[in-house]
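Protein chains: 2
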Amino acid sequence: MSVSSPAPTDDDGYRAGAVDLLGILAYGALTAFERLAEDAQAAPTLPDKVQLATVAARQIDHFNAVSAQLASMGNEVMAAMHPFHSPFDAFHDYTKPRDWYEGLVKAYVGDGFAADFYREVAAFVDAETRDLVYEVLSDEDLHAYIVAQVRKAVEHDPKLAGRLSLWGRRLVGEALSQAQRVAADRDALTSLLTGTVDRPGMDLAAISRMFSRLVVNHTKRMAELGLQA
Amino acid sequence: MSVSSPAPTDDDGYRAGAVDLLGILAYGALTAFERLAEDAQAAPTLPDKVQLATVAARQIDHFNAVSAQLASMGNEVMAAMHPFHSPFDAFHDYTKPRDWYEGLVKAYVGDGFAADFYREVAAFVDAETRDLVYEVLSDEDLHAYIVAQVRKAVEHDPKLAGRLSLWGRRLVGEALSQAQRVAADRDALTSLLTGTVDRPGMDLAAISRMFSRLVVNHTKRMAELGLQA
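Note that the protein sequences, when read in sequence, are chains H and C.
The first sequence begins at 20 in the numbering used here and counts up one residue at a time.
The second sequence begins at 20 in the numbering used here and counts up one residue at a time.
Copies of one chain are not kept apart here, so a pair can be met inside one copy or by any two copies together.
Dumping the calculated EDC-like pairs for lysine to aspartate or glutamate here, alpha-carbon to alpha-carbon at most 20 angstroms:
no. : residue 1 : residue 2
1   : K178      : E243
2   : K68       : D112
3   : K68       : E95
4   : K239      : E121
5   : K68       : D108
6   : K68       : D158
The hints are simulated quantities; they were obtained by calculation from the structure and are not laboratory data.
All values derive from a computational prediction rather than experimental measurement.
Make a model of the complete structure from these sequences and hints.
Following this line, the structure appears as structure tokens:
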């Protein structure tokens, strides 16, 4: 653990919060695998299919990395993921892409928003866990690919641009609604952010600034795609 | 290239055959990814899902390894796969698993049969390509998992055992029928096995012995699963 780490691992509440964060990442990677594999099936060309399948495969590497980290902390990945089945499954049920482009926007905008949030939480865990979170959340080459694909498609198709703009807003709305559910259910995770008597965290003003950062990044991603946030 | 290699790379016919073999492996890996990802969706438990998803992800590593080898030979993977779309797609269309166990048997028995055949062909290519083929075809941990799952399921269910035995025979029948189609269409690949004036290959007796080996291995795999070949 690095000197800068704010989180003593002998704090049970902290540990439970870190396990929750890793459980979310593990289940997130697994459901991302499934979704990307499904999107790959709908790919318009074989190179597109390979692109999505490659990113899907990487989710499994992420899953295995998180699973190993949990094991090294004496936790089992299946148990750690369990509390998050229902919010993730609900999110995916409510946001089933109706076509190839909705799938791409979901992979960029939906996952991007979630990733930003996990990175915010990761600021409050030990250095080793934090490095793992950052590693698992970087999918730069997929992003460049999606931006190119979506920009090209919406450039001369204002109707598609309108539909995908709405879609991006819906994704964030559903993500926030599931995140609220998780925050209400998982005290240990929430108190990673808000802190405890013994551990510094964010006050209300800091949480509000965090949400501003999330929204700014979201708007930036939508603009990159040529869409209105 | 090793001393034992029978294949001079300045032989155009040989090169075309080797590219065909790699094209088959690449497309085989890509379709295996898709099929395993689909099977993962139907997994009865989350650990089963992780198991299949992990093996699906490994297919993409295989695909990328084969793709890199093709590139180093000056060939493009998309072009190399092209002749094999239709036989592979037909095979998968004709052998859609109707349940979880049919999917597992297909992944073990169908892929096992194909892998044995690719290994036979690989005996006639240069050492580097051959090593890659062997590496891409080994999925020992999936096999142990499938054997355990299927054995447990058929042990007290003779009806399932009967259905899966029939299914195993059908898989091999369809695989052979598509293989014949490929052999008829792809002279370069066929002549890897049969040889040319300048390059040694198998005579009819050797080809017949090869088929005997394939059948013996198939029977062994079915027996491992507790099924009749």
